[in-house]
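Student: At position 106 of the sequence shown (counting the first as 1) the number is 106 in the working numbering, and the numbers step up by one without a gap.
It is worth saying that the hints were derived from the structure and are not from the lab. Just so we're clear, the structure is a prediction, and the values are computed from it rather than from any experiment. All clues stand as given, with none of them false.
Taking CB as the label site, the calculated pair distances span: (1) N59 x N119: 20 to 30 Å; (2) R2 x N59: 11 to 21 Å; (3) R83 x N119: 18 to 28 Å; (4) S52 x R112: 15 to 25 Å; (5) I54 x R111: 13 to 23 Å; (6) N145 x R2: 27 to 37 Å; (7) G47 x E11: 22 to 32 Å; (8) N85 x N145: 13 to 23 Å.
In silico PhoX-like pairs for lysine-lysine, Cα to Cα no more than 25 Å straight-line: (9) K14 x K156; (10) K30 x K19; (11) K86 x K169; (12) K171 x K25; (13) K177 x K156; (14) K169 x K25; (15) K169 x K27; (16) K156 x K181; (17) K182 x K156; (18) K27 x K147; (19) K14 x K171; (20) K25 x K147; (21) K25 x K86; (22) K30 x K14; (23) K156 x K171; (24) K30 x K147; (25) K25 x K14; (26) K30 x K86; (27) K19 x K86; (28) K86 x K171; (29) K147 x K14.
For glycine and all other residues, C-beta sits at the position ideal for the given N, C-alpha and C.
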Amino acid sequence: MRIFYAIEFDERTKDLLSKEQGILKVKALKANMTRRENLHLTLRFIGEVNPSYIPVFTNILNVAASNCSPFQLTLTGPGAFARGNKSIIWWGVEHSAALHQLYEKIEEQIRRNGFPAENRPYTPHITLAREFTAGDGNIESVLDNIKPLNHSFPVKNISLMESTRIDGKLKYICLFKAALKKNKTE
Numbered sequence: 001m002r003i004f005y006a007i008e009f010d011e012r013t014k015d016l017l018s019k020e021q022g023i024l025k026v027k028a029l030k031a032n033m034t035r036r037e038n039l040h041l042t043l044r045f046i047g048e049v050n051p052s053y054i055p056v057f058t059n060i061l062n063v064a065a066s067n068c069s070p071f072q073l074t075l076t077g078p079g080a081f082a083r084g085n086k087s088i089i090w091w092g093v094e095h096s097a098a099l100h101q102l103y104e105k106i107e108e109q110i111r112r113n114g115f116p117a118e119n120r121p122y123t124p125h126i127t128l129a130r131e132f133t134a135g136d137g138n139i140e141s142v143l144d145n146i147k148p149l150n151h152s153f154p155v156k157n158i159s160l161m162e163s164t165r166i167d168g169k170l171k172y173i174c175l176f177k178a179a180l181k182k183n184k185t186e
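Could you build all of it, start to finish, from the sequences and the hints given here?
Tutor: Given below as structure tokens:
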């Protein structure tokens with residue numbers, strides 16, 4: 001099974017991101033849009049694991065969550081990762097020391113449990129579309145015409161997610177959720 005750690009969104013945040021996807025879709029020649037229910041912010045992709053390891057990854061989540069306090073994240077604007085003539089369109093978040101601390105706590109626990117460290121820097125983003133081809137061929141002009149969102153939302157939990165296909169559609173299923181619970185006065 002394929003798993004990853006993520007921050008799931010409240011309904012308002014999903015609504016705002018879904019509205020931005022609608023704007024992108026109109027400007028796309030081709031795009032594989034992330035389904036509304038799958039919108040999330042990945043903390044750490046794990047990949048294929050034997051289901052017998054799920055308790056270990058659940059424990060990693062619990063330990064990391066118990067060492068971090070709830071915090072706010074603020075959505076910013078869109079960007080793109082270029083892949084040939086097709087791109088991944090994403091939405092960013094403002095820099096957050098709390099988010100990076102949470103990522104580091106997860107990464108530390110992954111290494112302590114004998115799993116390989118992530119060798120790429122953490123770049124927090126929300127994937128809105130894959131295989132995006134702009135109708136006018138210019139992704140930059142599409143992105144330049146989208147206004148940034150100034151929307152903040154609370155991060156109170158982190159989730160262990162499974163990535164699977166159901167009836168041919170990509171589906172992210174929450175396997176376990178842990179509350180961020182470190183006391184800010186500690």
